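K.L.:
Sequence:
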Amino acid sequence: MDNPSHTRNHQHRHNLHSGRRTPNALNPKMTDLLFLAFAAVAIGAAILAIEARDLVYGAAALGIAFLGVAGLFFLLDAAYVGWFQIAVYIGAVVVLILFTVMLVGPKMGETPLGLKRVSLLAAILVSLLLGMTGALANATAFPGQDSCGSGCDLALFSTSLLKNYGVQLEFMSLVMAAAVIGALALSKTDRGQ
256 MDNPSHTRNH
266 QHRHNLHSGR
276 RTPNALNPKM
286 TDLLFLAFAA
296 VAIGAAILAI
306 EARDLVYGAA
316 ALGIAFLGVA
326 GLFFLLDAAY
336 VGWFQIAVYI
346 GAVVVLILFT
356 VMLVGPKMGE
366 TPLGLKRVSL
376 LAAILVSLLL
386 GMTGALANAT
396 AFPGQDSCGS
406 GCDLALFSTS
416 LLKNYGVQLE
426 FMSLVMAAAV
436 IGALALSKTD
446 RGQ
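Every number in the working numbering is 255 more than the matching position in the sequence shown, counting from 1.
This list has only true hints and no planted wrong ones.
Beta-carbon label-pair distances, calculated as ranges: (1) 338 <-> 433: 23 to 31 Å; (2) 358 <-> 378: 27 to 35 Å; (3) 440 <-> 377: 17 to 25 Å; (4) 440 <-> 418: 30 to 38 Å; (5) 331 <-> 421: 17 to 25 Å; (6) 377 <-> 282: 36 to 44 Å; (7) 308 <-> 332: 34 to 42 Å; (8) 284 <-> 439: 47 to 55 Å.
For the record, the hints were derived by calculation from the structure and aren't laboratory data.
Since we're looking at a predicted model, the values are computed, not measured.
Think of the CB as a built atom: it goes at the ideal place given N, C-alpha and C, for glycine as much as any other residue.
Start from the sequences, fold in the hints, and give me the full structure.
P.N.:
Okay, structure coming up:
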């Protein structure tokens with residue numbers, strides 16, 4: 256009769272020497288705790304970013320929320336997407352917001368009551384949209400998913416992504432470019448006044 260821990264350790268050592276990683280080497284309870292911690296950080300920091308009175312604190316909280324989301328990607332063994340999250344969203348978007356705030360200068364004032372109601376309605380609608388998107392994602396088989404399996408390499412994933420979703424990726428890059436142009440236009444308009 257084989258010792259189960261010996262077999263597991265032998266398999267783990269074999270995977271390490273062959274270059275393959277065992278998916279999620281953490282035990283399930285630790286994985287669940289880390290997931291809850293990263294989700295709590297992301298949600299809590301997102302709420303702080305929305306409710307912050309100072310724009311600099313709001314941008315810092317947004318960066319922390321993005322770090323929480325990146326932690327979730329790392330926990331799901333999607334290190335490439337996690338590093339992309341850190342590089343693009345923290346390294347570009349948050350820095351762009353901070354640059355614009357420092358350049359233009361924050362305008363402080365009371366938030367009108369109507370805007371608070373609209374923000375609450377928007378939060379509810381976004382929550383519903385995310386819930387429906389998650390349900391749809393669980394019910395849909397994605398292209399390349401069956402050929403990829405659990406041992407998918409990055410080249411196959413990126414080829415499938417660009418072949419099937421190239422237009423959407425280009426649209427997202429145009430939205431990012433529009434955000435940069437909008438930030439520059441805001442800084443020019445406020446400087447002229």
